[in-house]
Amino acid sequence: MSDWFSEPANWVFLVLALVIAVSAVRVVTSTNVVHSALFLVLALGATAGLFLLLSAEFVAWVLVLVYIGAVIVLFLFGIMITRAPTGPNVEMDHRPRAPAAMAAFLMFIVTAGSGLTAFGDQEITRLGDGTSTELIGEQLLQRFVIPFEVVSFVLLAALIGGITLARRDASPAEEEATEEEVQA
Amino acid sequence: MPLLRRRKPRKKRCRHDSKELEARGLELRIPEGGELVLLNQFLILGALLFSLGVYGLLVRRNAVMVLLSIELMLNAVNVNLVAFESFLRNAGAGGQIFAIFVITVAAAEVGIGLAIILLIFRNRTSANVDELDLMKW
Amino acid sequence: MAPDIDYLALAPEITLAVTAVVVLLLDLFLPRRQKYWTAIVAVLGVSFAALPLIALAVSDVGDRAMLGGSFVVDDFALVLKGLFVIAGYLVLLMSVGYVESDRYYQGEYYFLLLMSILGSMVLASSRDLITLFIAVELVSQPMYLLAGWRKGDLRSNEASLKYFLLGVLASALLLYGMSFVYGLTGELTFAGIAAEGAGKAGEPAFIMAILFIIAGFGFKVSAVPFHFWAPDTYEGAPTPVAAYLSVSSKAAGFVALLVVLYSAFPDASGVWGPAVWILAALSMTLANLTALRQTNIVRLLAYSSVAQAGFMLVPFAAAATTDAVGLGEAFAATVTYIVIYAFMNLGAFAVVIAGARKTGTGDIEGWGGLGSYAPALGALAAVFFFSLAGIPPLAGWIAKLVMFGAAMGAGSPWMIALAVIAAINAVIALVYYARVVKTIWMDPVPATAPEEEVRTASVAGSLGLAIGLSAAVVVVAGFFPSLVTFFSDATKVLAGG
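Heads up: the protein sequence lines correspond to chains S, X and Y, in order. For the first sequence, my numbering assigns the number 92 to the initial residue and increments by one for each residue that follows. For the second sequence, my numbering assigns the number 8 to the initial residue and increments by one for each residue that follows. For the third sequence, my numbering assigns the number 2 to the initial residue and increments by one for each residue that follows.
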């Protein structure tokens, strides 16, 4: 164990893992939606750090750009627009917590346990020798070109459908409803 | 960050070494750095994130919060994939590419989810999951 | 260096993708009154997508694999792509009148439907984890949105949110399982996983990964206990979307399950066999018992489709206990069931759309006497519902026969037990299917029924065409089962049978 601590990369890991764990706990326990979203930013940011430690630079920056740059902003917009209670709100959880905690604990035993039994104390021996971004790019446009093209359709469908669904209709019933809202 | 920056030159040297070793038909093994970093420390962190996501999913009322919990679960998958990729280091880079795809799909999912939540909110001014009771679960 | 791409093999997908984009652009430029052109273009595009499929089927090149075996066009893929194209075509026909009759966004509706069909086409060919995952997402994500397409209707909103949240959860489970499969084998292609994973079937982590993947797809095929979303989503969603969910989306889930279990984990059948056994037994029993109590016709069909998913899983469970030949038989049995189910269930949904227009209600009680004022529709309803129940000589009978054959052929006591459970359930199912037919033909017209003009109004042409085509297949395949088994036998290539 003392060997484990002698490796500087493990100290970095420990700090990042602690940040990730604490902020993940806060994401699911915070009584404030905005805090939850911001803790998710912290968890994702620390995860990006973890990816840098594993010398997966490209994924790390994709995570920062896509998640922290776009997804979380989307979340915050969603929270603002739906006027979800942004202040502390004790009634954020609806079901009894004990059974849910038990289920989550069981899930942890299963998932962590299977990792432990399968990989024991095997080491990541080539930590510094990362996959180059060049290789990722090449692979993405060659071996994985079909999923790469298909995922663009996933995004297009989400974009078109999302706008259609979320935009306000001009139907008479809808207009009446908004008029009432304005008056109220 | 300084520590991470320090890694850069080391990385280059490693790559050089590995090429030389490969040329001589020897096993690829980088002598310094990461000797004692276990794969399982990442997998356990992934399991923890996944389980916390499950907890949040079961317990949260607000649909936005449920979505945040699901993001935690997807992030756990990314941690696993990238850790496995550095563990395996086979020529394919499959793990990192998989992680990029997961991030992309998750972004699309958030967009769809928020559109649906927005729609529901407009119709009933609430985004709570347990008020969806028109039809029994 | 450009990737090595066989454009003929990709032609059906490219056709659909181009059609979808054209539909979207047309929608942008067409004035409101001429939006029906988007439907025509969509239907034409799907028909054109079938042409390269035929060309591929008759070409003697054999299996076309590209991109390191990630994308394979073999007989299995072609048969299922054909099914997805035909099912998509029928759903489009069903949608035409339905979408026009309300204030829908037509262009976007067809665009999303085409996207989902495109996803299922890619799915049938995908032979690695990434392609499979992305294809599954392209099948599901447009459906999350289309389930909520009746924007002003709270039920539709709710249908959409429930489907979305459970669907995303399923994706997360699936991905977690996939990440472990990748970590344990170091491979992404199914062939590689099968080779590397051969000796790992007993490892707890491998078992966990397989179970997570089964759970993830269990949501997609709506097998008990992952079926919660199905009845609510089917009821709330626009009915053609529900038809699509219950047929194409479910078939896509099954295709993914078949491909993953048979081609990536052939040696782990001792793990997934029992899991599938449990899913099959639970789905059949619980769904059938719940269906008995349903009063809404769409909810009834929803529970019936969950139960049918259970029947489709029976040969899967059998596969785990037999040798290679039995494996191929079980595989073909599932495909046969899926193909026949697709037509009879689409027909049933099409009849429900037409019937709901005539009776003005989705409550089964309100359908009393439908047979007296719409005899053709009543007769076709009887055809589809009796076929779903598995009464000879309709096609559903062949599906049941093949399914029981695979279960009994396995010969193990567990499979005989499952066959007995399936037989009991087939009888239970007959009760509620027959009840609907009885209501249509025997019960008096309820006082709440709409006026004469509404009741006798003719069914929209495209909907009638959809009903007619499905009915023709259900009847003809019942008399000539070789029409279906010819195709399903061809799919055995995947199971190595």
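Careful: at least some of the hints might be erroneous.
Unchecked claim - Cβ-Cβ distance ranges computed for the label pairs, FRET-style: (1) S:Leu156 / Y:Asp5: 27 to 33 Å; (2) S:Arg188 / Y:Val446: 49 to 55 Å; (3) Y:Ile6 / S:Ile200: 42 to 48 Å; (4) Y:Glu101 / S:Ile159: 25 to 31 Å; (5) Y:Gly153 / S:Phe168: 33 to 39 Å; (6) S:Phe196 / Y:Val446: 53 to 59 Å.
Source of the hints: derived by calculation from the structure; they are not laboratory data. Because the structure is a prediction, the values reported are computed rather than measured. Every residue, glycine too, gets a C-beta built ideally from N, C-alpha and C.
For each hint, the structure was consulted:
{"no.": "1", "hint": "S:Leu156 / Y:Asp5: 27 to 33 Å", "in the structure": "holds, 31 Å"}
{"no.": "2", "hint": "S:Arg188 / Y:Val446: 49 to 55 Å", "in the structure": "holds, 53 Å"}
{"no.": "3", "hint": "Y:Ile6 / S:Ile200: 42 to 48 Å", "in the structure": "holds, 46 Å"}
{"no.": "4", "hint": "Y:Glu101 / S:Ile159: 25 to 31 Å", "in the structure": "violated, 44 Å"}
{"no.": "5", "hint": "Y:Gly153 / S:Phe168: 33 to 39 Å", "in the structure": "violated, 23 Å"}
{"no.": "6", "hint": "S:Phe196 / Y:Val446: 53 to 59 Å", "in the structure": "holds, 58 Å"}
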